[in-house]
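Student: Sequence:
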Amino acid sequence: MSSKPRKKEPKQNKTASNQRPILQSDSDNKEEDINFNGRDITSQSRKKKRTKRKSSSSSSRSSTTERAATLQVTVNDSISHFSGRTNEQPSKFLHEYQQTMRTLFRASNSQLLRNICNWLSGLARDWYLQLSQSRQLPNSWSEFKKMFLSRFRSPERVEALKFERSHCVQGENETAADFYQRYLGLSLEISPKIKEKVLKKHLLRKLRPEILLWMKGDPDSMSLDDVLKKAEKAELQLLYRRKEETQKVNSQELSRSITCQPISMKTPETTVVVANLEYSSSSPTFSETIKKGDDSFTPSLKSERDNNDFRKKPALVFDQRRDNNNNNQSNSSNQSNFDSVNRSFQSGIKQPPGPCPICHKKGHWKRDCLVRCHICKQTGHIANVCPQKQNSNPYNPSTAPRYLGGDSKNAQKSNNLN
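Just add 198 to wherever you are in the sequence shown, counting from 1, and you've got this note's numbering.
There are no misleading hints in this set.
Derived lysine-lysine pairs resembling DSS-like cross-links, with alpha carbons at most 27 angstroms apart:
id : residue 1 : residue 2
1  : K564      : K587
2  : K395      : K427
3  : K290      : K360
4  : K395      : K414
5  : K431      : K393
6  : K391      : K290
DEER-style ranges, computed between Cβ atoms:
id : residue 1 : residue 2 : range
7  : D418      : L382      : 15 to 23 angstroms
8  : N285      : M345      : 17 to 25 angstroms
9  : K404      : K441      : 20 to 28 angstroms
10 : Y438      : S364      : 30 to 38 angstroms
11 : L386      : D416      : 25 to 33 angstroms
12 : T444      : M345      : 51 to 59 angstroms
13 : C557      : S590      : 18 to 26 angstroms
14 : D418      : R454      : 45 to 53 angstroms
15 : N285      : H400      : 19 to 27 angstroms
16 : T457      : H400      : 50 to 58 angstroms
Rather than coming from a laboratory, the hints here were simulated on the basis of the structure.
The beta carbon of each residue, even a glycine, is placed where N, CA and C say it ideally should be.
Working from the sequences, and respecting the hints, build out all of it.
Tutor: Here you go:
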């Protein structure tokens, strides 16, 4: 039996027949919005991560460039340039360049040879460029060093270094370690393979004689390191000794200033007390002023010690004349005499500084004046207060003459006249 081929039926859209329309509620719409929002958030977070990665990569690149720049700056600062002058040290320059390049960059000999031109200037750079142009530049670093030293370490330069080393001496404020470092640099520049015995022999001759005296032991039997240690100990001992000497000198100066200080302070005390006797309320008594400076007071003032309240009755204030017609002149003369007396007290003078305001004579004070009246020819008063003149004039009342000084007999005579 022959099988008939079945005709393929067209596929019906099952979705249209089987599926039913579903009504979407508000809750479903909200869920869809949340899903959309979640997708947006994830996309934004991915973008942020990408930007962070880019920024981190750029920052890492910038940090590497900064590190390279700082490394380059430190290398340029650490290695000094060489120009080929006579006052420069070529062997020191080669050693410094080799050490820094190998420690920082781990440079090989070929890299050292290629990069040395960056630290050459002047004549040295021209010499290097001439070798490279003429293809005479050596291929190894050791050969280049020999050629470099033979060019820039000339016999003239060596002789100049020897002369400088012969005149090299330790300074006053220079330590033994600093001097050894300076002397070693000159010696290595002259002969890099110098022996320790020769270096120690020359070093001992250049040290200060004070250090050699304070060094203990035999320097010939010691090594170079032991010699430097002994020199440092001697320097410390000398430093302590100098400090002790300075302290002694300072203590002596202080003791001298202390002993001289009371003598210089006597005059200000007496001047302050004498000048402020009748003005200051807290001024000391006269007996206290006598105790402070006995030599500056006269015997006549020492008799006034019984007056405790010196402010009420000062010994230096002069009595003014009552019946004098020229009151202004007497006041000015008394004030000038008071000032001069104060000056005499300050300077310690026992004699009166000026003439007496009554008799206008020198050699006595006003209270000791023995003035004589030209009317009655008696001492103790003047013509203005003479009793004979007052008795002869009946209109003026009789007043007792005022005793201004002198002996007690003259005082009794003047009283009997009244």
